[in-house]
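Given the coordinates of chain A, assemble chain B onto it according to the supplied hints.
In order, the protein sequences belong to chains A and B. Using the numbering used here, you'd call the opening residue of the first sequence number 1 and step up by one each time. Using the numbering used here, you'd call the opening residue of the second sequence number 1 and step up by one each time.
Hints are computed from structural coordinates only; laboratory data are not their basis. Here a beta-carbon is modelled for each residue, glycine too, at the ideal position from N, C-alpha and C. One or more of the hints may lead you astray.
Pairs of lysine-lysine residues, derived as BS3-like cross-links and limited to a Cα-Cα distance of at most 25 Å, are as follows [as the list claims (entries may be wrong)]:
#	chain 1	residue 1	chain 2	residue 2
1	A	K19	B	K188
2	B	K101	A	K78
3	B	K13	A	K19
4	B	K201	B	K25
5	B	K65	A	K56
6	B	K188	B	K109
7	B	K105	B	K201
8	A	K78	B	K25
So the derived label-pair ranges between C-beta atoms look like this [said to hold, decoys possible]:
#	chain 1	residue 1	chain 2	residue 2	range
9	B	G15	A	I27	38 to 48 Å
10	A	A58	B	R187	28 to 38 Å
11	A	G49	B	T180	43 to 53 Å
12	B	I120	A	M45	28 to 38 Å
13	B	K13	A	E48	55 to 65 Å
14	A	E126	B	G136	31 to 41 Å
15	B	K188	A	A58	48 to 58 Å
16	B	V176	A	N119	47 to 57 Å
17	A	K78	B	T162	30 to 40 Å
18	B	L186	A	R52	43 to 53 Å
19	B	R187	A	I26	20 to 30 Å
20	A	T18	B	D191	20 to 30 Å
21	B	I183	A	Y47	49 to 59 Å
22	B	I120	A	K78	26 to 36 Å
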Amino acid sequence: MEHTLESLAAEQHVGGGTKEIIRVTIILSVLTGVELALGFAMMHMPYEGLERHFFKGAILILMLVKAFYIVAYFMHLKHELRNLIMTIVVPLFLFAWFIIAFLSDGNSFKNDKNTWDRNHKERSQEKMPVKEEQTHKLE
Amino acid sequence: MSTTVTTTTGMWKGGRSPFNVEYGKLMMWYFLMSDSFTFGAFLIAYGTTRFATNGWPNPNEVFDKAPFIGGGFPLVYVSFMTFVLIISSVTMVLAVHEGHKMNRKGVVKYLILTIIGGLIFLGSQAWEWTHLFQEGAWWGRNPFPNYDGTISTTNFTNFFFTITGFHGFHVFSGVVINITMLIMTLRKTFDKRGHYLMIEKAGLYWHFVDLVWVFVFTCFYLV
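Isolated chain A, as found in the complex (with noise of 0.2 Å):
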């Protein structure tokens, strides 16, 4: 049984096609317009506030889902092995344990500075002195 390269090369055929290449341009442009819509919506929304929080959770969701078509399809991984996927996904969910063991670390450093440290919560709600409007020009 030989395995040349060209003989790869040949069996990569399964999947893609440009009908699923355009359908995956379609989705991913759609998806974009949503996020923008959604920024443009959260413009005017009061910050810390929960219905800013929930926008912001849907944009991060739509990131994923995007994230997912381009190694899906555009990457191809959708139509390898699923050895290659495993091998490949698996190690990633360690972003998991990441984002969530940081995240709330920063979090809590802020809370207990905020409780311990008088002067750290009064100095953070200092005006910053507005400077005169300085190069705002373009072009």
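For chain B alone, kept in the frame of chain A given last:
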């Protein structure tokens, strides 16, 4: 495939590639996996710092400029950059697709389009960096107050320039790789080899650059 492998263990008995991809492509995947951890570490450091800070500048006020139309247009320029990168990813897929069909002219056409897309993106980023620099932003300097007008930290600009810079460097190397592929295609290197597998590897790298931008774009400009 000449033989049908019925059991999974058969994949590992030798005589065939258990992943059914060539060595170079597999190594490209592993490189991209490690690169995604590098970018992930950067973005998580950014997120952690943001969670640990009272207040943060509003991206819609900081990044609201675009060439020719001036200020007051948040998200406009960056969505243009995002679409350019997505479309260049699409043309790269089409180049790989033409490579499967051994159609040299098609590969050349779509590679050129991909390179143009990459250059437009790099140019846009150069414009944006220059503009921010003129406004007084750089590593260690942050002229933008927090959204509530309070004093901001330089972490905002430090992370922005480091992460978009690192991504821009990836785009740059991607363009260099694509130009190399274009030259090799024009010199008929792949026709002599009998396959266009090299284009696939370059394609994987280019899609990864697009993938990272999806995350950078969301984390810096949208949320």
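Confirm or reject the claim that G15 (chain B) and I27 (chain A) have a C-beta distance inside 38 to 48 Å. holds (39 Å)
For K19 (chain A) and K188 (chain B), compute the direct alpha-carbon distance and say whether it is at most 25 Å. violated (28 Å)
Against the range 31 to 41 Å, how does the distance between the Cβ atoms of E126 (chain A) and G136 (chain B) compare: consistent or not? Taking Cβ atoms as reference, E126 (chain A) and G136 (chain B) lie about 19 Å apart, which means the hint is violated.
Verdict for V176 (chain B), N119 (chain A) (Cβ pair) under range 47 to 57 Å: Holds, at about 50 Å.
Lying within 43 to 53 Å: is that true of the beta-carbon distance L186 (chain B) to R52 (chain A)? Holds, at about 51 Å.
CA of K65 (chain B) to CA of K56 (chain A), is that 25 Å or under? Cα-Cα ~22 Å, so holds.
Do the beta carbons of K78 (chain A) and T162 (chain B) sit within 30 to 40 Å of each other? holds (33 Å)
Within 26 to 36 Å or not, the Cβ separation of I120 (chain B) and K78 (chain A)? Hint holds: Cβ distance 29 Å, inside 26 to 36 Å.
CB-CB spacing for T180 (chain B) and G49 (chain A) relative to the 43 to 53 Å hint: Taking Cβ atoms as reference, G49 (chain A) and T180 (chain B) lie about 50 Å apart, which means the hint holds.
Holds or violated: 48 to 58 Å for the Cβ distance of K188 (chain B) and A58 (chain A)? Once the Cβ atoms are compared, 49 Å apart, the range 48 to 58 Å for A58 (chain A) and K188 (chain B) holds.
Quick one, are K101 (chain B) and K78 (chain A) close enough, alpha carbons at most 25 Å? OK: K101 (chain B) and K78 (chain A) at ~20 Å, within 25 Å.
Is the hinted pair K201 (chain B) and K25 (chain B) satisfied, with a Cα-Cα distance of at most 25 Å? holds (6 Å)
The earlier numbered hints that this structure contradicts are 1, 3, 10, 14, 19.
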